Structures are given as structure tokens and as C-alpha cells.
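Residue numbers (my numbering), protein chains in the order written: chain W, 83 to 489; chain C, 48 to 191; chain Y, 56 to 195.
Keep in mind that a hint or two might mislead.
What the hints assert, rightly or not - Per label pair, the in silico range of CB-to-CB distance:
(1) C:Pro123 - W:Gly325: 40 to 48 angstroms
(2) C:Thr135 - Y:Glu155: 42 to 50 angstroms
(3) C:Glu80 - Y:Cys95: 36 to 44 angstroms
(4) Y:Pro176 - W:Lys218: 55 to 63 angstroms
To be verified - Derived PhoX-like pairs (lysine-lysine); straight-line CA-CA distance at most 25 angstroms:
(5) Y:Lys174 - C:Lys184
(6) C:Lys160 - C:Lys184
(7) C:Lys154 - Y:Lys72
(8) W:Lys369 - W:Lys324
(9) Y:Lys174 - Y:Lys116
(10) C:Lys184 - Y:Lys92
(11) W:Lys113 - W:Lys249
(12) W:Lys263 - W:Lys281
(13) W:Lys324 - W:Lys281
No wet-lab data here; the hints were simulated from the structure.
The structure presented is a predicted model; accordingly, all values stated were derived computationally and were not measured.
Even for Gly, the Cβ is constructed at its ideal location relative to N, Cα and C.
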Amino acid sequence: MTIKIAQLSCGTEYSSVQPEIEKAARSVGAKVVYPDVSYEDINEAVRRFGFNPRSPQLKLMIARATQLADKRYDADAVFISTCFRCAEAALVRNELRRFIQENTNLPVVTYSFTERLKASQLLTRMEALVTIVTRKELLARERQVGITAGLDSGSSTTKAVVMENNKIIGKDWTPSGDVVKSAETVLENALREAGIEFKQLEAIGTTGYGRFTLGKHYNAKLVQEELTVNSKGAVWLADRQKGEATILDIGGMDNKAITVRDGVPDNFTMGGICAGASGRFLEMTAKRLKVEIEELGALADKGDWRNAKMNSYCSIFGIQDLVTSLGEGKSFEDVAAAACHSVAEQIYEQQLQEIDVRHPVIQVGGTALITGLVRAVGEILGEQPIVPPNAQYIGAVGGALLSSGMM
Amino acid sequence: MRVFIDPPNSMILYDLVERFGHEPLSSMAAIQEMIDNLEVDMPPMNVTIDDVVRGLAYAGVEVPSGIRGRLAVWGPLIDAADAAVIMTDAPFSFGCVGCERSNEMIKYLVRRKGIPQISVGYPETAEQAETVVGMIKEFLEGLA
Amino acid sequence: MSEERETRLFMISPDSKLTPDQLVRMVHAMGLEATVKETCYGCLVEGPRELVRTALENVRKDHRYEVFSKVRAYPSSDPRRCRAQHGTRPGYAQLEAEWELLPLIQHALLHAEAGRPYKEPEEAKQFPVDDFKKMCEANR
């Protein structure tokens with residue numbers, strides 16, 4: 083079955099990125115389609131939508147979205163994309179995303195591109211769109227059964243979890259090095275803790291950047307992108323399988339914000355302009371402050387970000403700010419708090435503007451263990467996020483949980 | 048003479064320029080050059096990253112890529128033009144002329160070049176259409 | 056290739072009695088080595104540039120004010136712009152909109168080629184703010 087992804091976009095063909103979009107879609111078994119519209123449809127749709135952009139291609143996007151909302155065109159998912167730095171398009175992109183979500187059940191992903199966009203950057207997003215469409219039943223799974231393992235091969239750390247009958251019985255993590263060797267180490271340790279032999283495992287699920295390599299190495303039953311897997315792991319760990327929630331995962335290299343309804347993801351954003359908005363920046367901060375990353379959160383808890391100016395839009399400039407603050411004699415506590423605040427601020431400005439935040443917010447991933455960061459996110463959102471136990475194992479738990487549905 | 052038309056994909060302007068004895072410079076011809084290039088496989092239009100970079104000749108790097116890519120296609124047409132016919136406020140400007148910022152820039156580039164040009168409004172009535180066609184005819188017949 | 060191939064659309068004004076079928080037969084009857092494809096608005100003619108232009112000249116001899124034309128970038132049935140592959144191409148709405156304007160252009164062309172004068176365009180003037188003020192004050 084070929085999944086039809088309706089593309090609503092402006093500028094892709096003239097930015098040399100259209101072939102990349104189609105390549106990414108093809109590689110996950112999907113096809114890009116454009117809803118049919120007539121000239122009269124465009125005028126009518128713009129009148130009805132109520133936002134009249136000057137650029138005709140944006141009007142066309144509105145008309146195409148209306149066709150989907152009115153179920154006059156059949157598609158399985160929606161990809162909304164416009165040029166990075168175009169203000170008019172950014173407004174339309176976000177409002178159309180909201181419009182589609184209010185009027186259809188289609189999963190949507192939005193993306194603003196430059197001419198440097200490559201298919202690989204879209205792969206995880208496209209894969210997640212396809213997973214949401216094709217694996218609805220699997221994603222609805224709430225309980226883990228049998229004995230299964232999940233492996234999360236992330237950009238910073240590799241995690242393994244062994245589960246039996248809906249309980250975590252073994253777990254381990256290590257900084258990512260060689261994809262296979264790191265995974266072998268953590269899986270071995272998790273199995274040892276669980277008192278289980280490798281051959282007793284009934285299924286393995288892999289996720290994260292190294293998922294394909296590990297999937298092949300272990301002949302995994304489930305090889306799936308981290309957006310859907312992590313969201314399942316998060317709602318399982320937080321025991322929020324029913325109702326709505328927003329999963330916030332500030333990763334080592336990129337960030338994810340995923341909204342879920344009854345445990346099934348329906349919208350997500352992924353990215354970050356620069357490592358400045360990711361866990362990597364906090365690692366750099368800890369290194370400069372000569373503390374372990376595990377200590378950074380507690381240090382930040384004692385400080386006040388208002389006392390040290392920091393802007394981590396770019397990790398290089400962010401570190402410059404940090405050095406300047408330390409040079410001015412600011413306390414380590416205030417600088418640590420400012421670094422956490424800066425990352426949280428960027429998550430708010432970049433990620434959370436592209437989805438409608440649903441409550442509660444569940445903060446997960448290794449960075450959720452940095453208490454100062456969780457506090458900063460809470461301050462900015464006006465609501466303290468829930469941090470479930472084992473928050474750093476979401477991907478591995480999601481892998482173990484979902485793979486048990488494929489035995 | 049080579050006459051640039053704006054909107055550059057307008058059938059009506061293309062037809063009128065040709066009808067009154069000149070060579071229209073249109074986006075269709077520019078795109079044909081690109082898509083007939085068998086050495087490039089970037090469907091649907093064969094616009095490559097090199098083209099978008101070439102667009103820097105017309106707009107800086109802070110300008111969205113879609114505008115630079117468009118200007119890379121149309122800029123050379125304006126460079127080659129001896130005259131221009133521009134229709135303002137045309138409600139039809141879809142497809143390759145979908146970005147209003149690029150469209151504004153094209154009008155400006157024509158003006159900056161200083162070639163003979165005529166700007167007519169989009170006709171809503173028979174009388175306005177007579178004016179538009181009459182003015183374009185006179186302009187084109189007056190080109191040496 | 057570009058020097059050789061020309062794909063040209065011939066669009067019939069909605070005010071004309073000519074049908075796409077009649078237009079296609081007319082082009083076929085010219086015996087040119089060009090392919091002709093009937094469309095909802097008229098036809099697409101594709102072949103060596105000289106032949107396609109000959110077809111245009113011949114059509115204009117009989118239907119000067121009813122048939123309009125422009126070149127098209129993509130060859131006929133090019134999969135890169137095929138409706139069956141992706142849905143309508145972005146320029147389709149443009150063609151529809153221009154088609155709706157053709158009766159006015161057709162009429163205006165007849166008018167212009169008959170040597171009749173046209174009315175100079177009037178600049179739309181905004182209502183002077185002083186007059187507006189007076190109007191508001193008068194109704195106080």
C-alpha cells in the first residue's frame with residue numbers, strides 16, 4: 083500500500099528541494115500528491131479561510147488544505163512546507179497546520195527549508211507520518227507482553243531496556259560510540275540485570291539514529307523512528323495512556339515535541355536551528371563549568387538566570403556569552419541556570435510554536451534528568467512538566483513495548 | 048525586439064507581444080531550457096542548488112531560497128530584454144509566479160534596467176480591456 | 056532540443072463558437088508533422104518550432120480574435136507535470152483565470168485593430184480627507 087502524503091508548499095521547486103522531498107517520501111513507501119483545485123476553488127477557499135496572503139502560491143496552499151478538510155481529496159497524511167525566513171509563508175504554514183488538525187484526522191508535519199535541505203533530514207519525519215498511518219493498531223498498544231528488549235541508538239547515548247510482562251526488569255545506558263558495540267554493551271548489561279539470556283528474548287525493537295544498523299544486526303522485529311517510539315515510551319512511563327499530552331524530548335542533537343491522544347501520536351515537530359537549543363549545549367556548558375552533566379541541574383537550581391545574560395541561538399555564541407558571564411564574575415549557579423533557561427526558551431520559540439501544546443507536558447529523554455532544565459521549561463510554560471521515572475529510557479521502553487506487539 | 052512579460056507566464060501577454068511582432072521573453076521558455084537539460088535529473092523543474100546560488104546575483108543570502116531560485120530563472124530574462132510589458136494587479140499569478148515578493152522584485156529589476164516599459168492594470172470591464180489592449184498595441188508598434 | 060521542440064497551447068475564447076474538436080481537425084488537416092492533442096480549452100500542438108508556428112499562423116488566418124496561444128515549457132504528457140501522477144500542476148489555475156478574461160481581450164483586439172480610439176486610463180483617486188472630514192461634520 084502506497085501512502086499518499088498531500089504536499090502543501092511554496093517555494094520547493096525553485097529551491098531545488100522538491101526532488102529531496104519526493105525521495106524521502108519514496109524511501110518510506112509513500113508518494114507525494116497535490117490536491118486538485120480549480121481557480122474558483124482558490125478564491126472561495128481564501129474567502130472562507132479568512133487569511134488572504136499576497137502570494138498566490140500560499141492561496142493555492144489554502145485551497146488544497148480546504149480540499150482535504152472537505153474530504154474532497156483523499157490523502158493519508160499532510161506535509162506543509164515553505165521557505166525558511168519567509169514571514170508570510172510562516173504565518174500561513176502554521177495556521178494551515180492548525181486548520182488541518184481541527185478539520186481532519188490526518189497526521190501533519192510542517193517544515194521550513196533552505197536550499198540545503200537533503201532527503202535524509204526529512205526521513206525520520208516522513209517515516210513517522212507513515213508509521214502513524216500504517217501502524218495505528220500497533221501504536222494503540224498499552225501493555226508490553228512476553229520478554230522483549232528495546233534499543234535506542236541516539237546521537238549522544240545508547241540505551242537498552244529489557245521488559246517482561248509490562249515491567250522493566252533490566253536497563254543500561256552508555257555514551258554512543260560505535261553503534262553496534264555500544265548497543266551490545268548496554269544490552270548485555272540490561273540482560274544481566276534482568277537475569278535473562280539473549281536467546282530468551284522474544285522480540286527486539288530498535289529506534290534512534292542507529293536503528294537500521296541495529297535492526298539488521300539483531301534481526302529486530304521492529305525498526306521504527308524515534309518520534310512514534312519515544313511517544314509510546316513516554317506515555318507508558320508516565321502512565322498517561324488515556325487522554326491528551328505533549329511529549330517534550332530535548333535530545334543530544336535535535337528536539338522533539340509530540341502531541342498524543344490516547345497514547346497515539348498525531349502531530350510532532352522535530353529540529354532546532356542549531357545545537358544551541360539541544361542537550362549538546364548543556365554538555366558544553368557543564369564542561370566549561372568543570373562539572374559533570376549530572377550535576378549541572380542541581381547547580382542551576384541554586385542559581386537565577388536573570389543574573390547572567392545568555393543566548394544559545396548558536397552554540398558558539400552561547401558559549402561566548404557563558405565565557406563573558408564567567409569573566410564578569412557571575413556565579414557558576416547563575417550561569418548554569420542561564421544556560422538551562424536559554425535552552426528552554428529556544429524550545430519554546432522554535433518547537434512549541436509549531437504545535438498546539440496539550441496538557442500535561444511530559445518531559446523525557448536524558449536531559450529531563452537535568453532538574454534545572456525542567457524547572458526552566460516549567461517557568462516558561464507556566465506549568466511544571468511531568469518527568470516520569472526512567473525518563474531517559476523512553477526510546478528503549480517504546481521499542482520493547484511496541485515490538486511485543488509484533489511477536 | 049525581445050520583450051519581457053510580467054506575469055512572466057501570462058498567456059494573454061505572451062500572445063499580444065507575439066501578435067504585434069515581437070519576441071516574448073517568458074518563464075515558459077526559460078523553464079523549457081532547464082527541463083530539456085538531459086544532464087540534470089531534478090524533477091519537476093531541474094532547478095539545482097547551483098541555480099539557487101546564482102540567484103545571489105539578484106538577492107542576498109538572507110532572502111528565502113524560493114525567491115533566489117525564482118530570480119535565477121527570471122533575472123537572465125530581464126537582463127536580455129529590450130523592453131517590457133507589465134500587467135499589475137493580475138488576479139492570476141499562480142504556478143511559477145506564486146511568490147509575491149519575487150514578483151515585486153521582478154518589477155523593480157525591470158525599472159532598474161531602464162528599458163522601455165509599459166505598465167497596465169488588470170482590466171475588469173470591456174472599456175478597460177480596450178484601453179489595456181490599445182496601450183499595449185501602441186507600445187509594441189512603437190518599439191523600433 | 057529546445058531549439059527544435061515547441062509545445063504550444065491554443066486556447067479558444069469562451070465567446071467563440073469554435074470547438075476544441077474542430078480546432079484539432081483544422082490543425083490535422085494542415086498535414087504538418089506535428090502532434091495535436093485535444094484539451095478542454097482547445098489543443099496542444101507539439102513539433103519542430105517552424106511547423107508549430109505555421110500551425111499558429113494558419114489558425115490565426117481564420118480565427119484571429121478567437122484563438123490565443125503561448126508556448127509551454129513541458130512536452131505534452133511529460134510525467135514531471137502529469138496530472139495523473141501528482142494532481143493538477145500549479146499553473147493550471149492561471150490558465151483557467153486567463154481563459155475567463157479572453158472574451159474581454161477578444162473584444163478589445165477587434166476594437167484596437169479597427170483603429171478605434173481607447174479611453175486613457177484614469178488614476179484611481181482617494182477621497183480627500185478634508186472632504187471626508189466635512190462629510191462627517193455635516194452629519195453630526
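Problem set entry | Hints not upheld, ascending by number | Of the numbered hints given earlier, those the structure breaks are 1, 2, 3, 7, 8, 9, 10, 11 and 13, listed in rising order.
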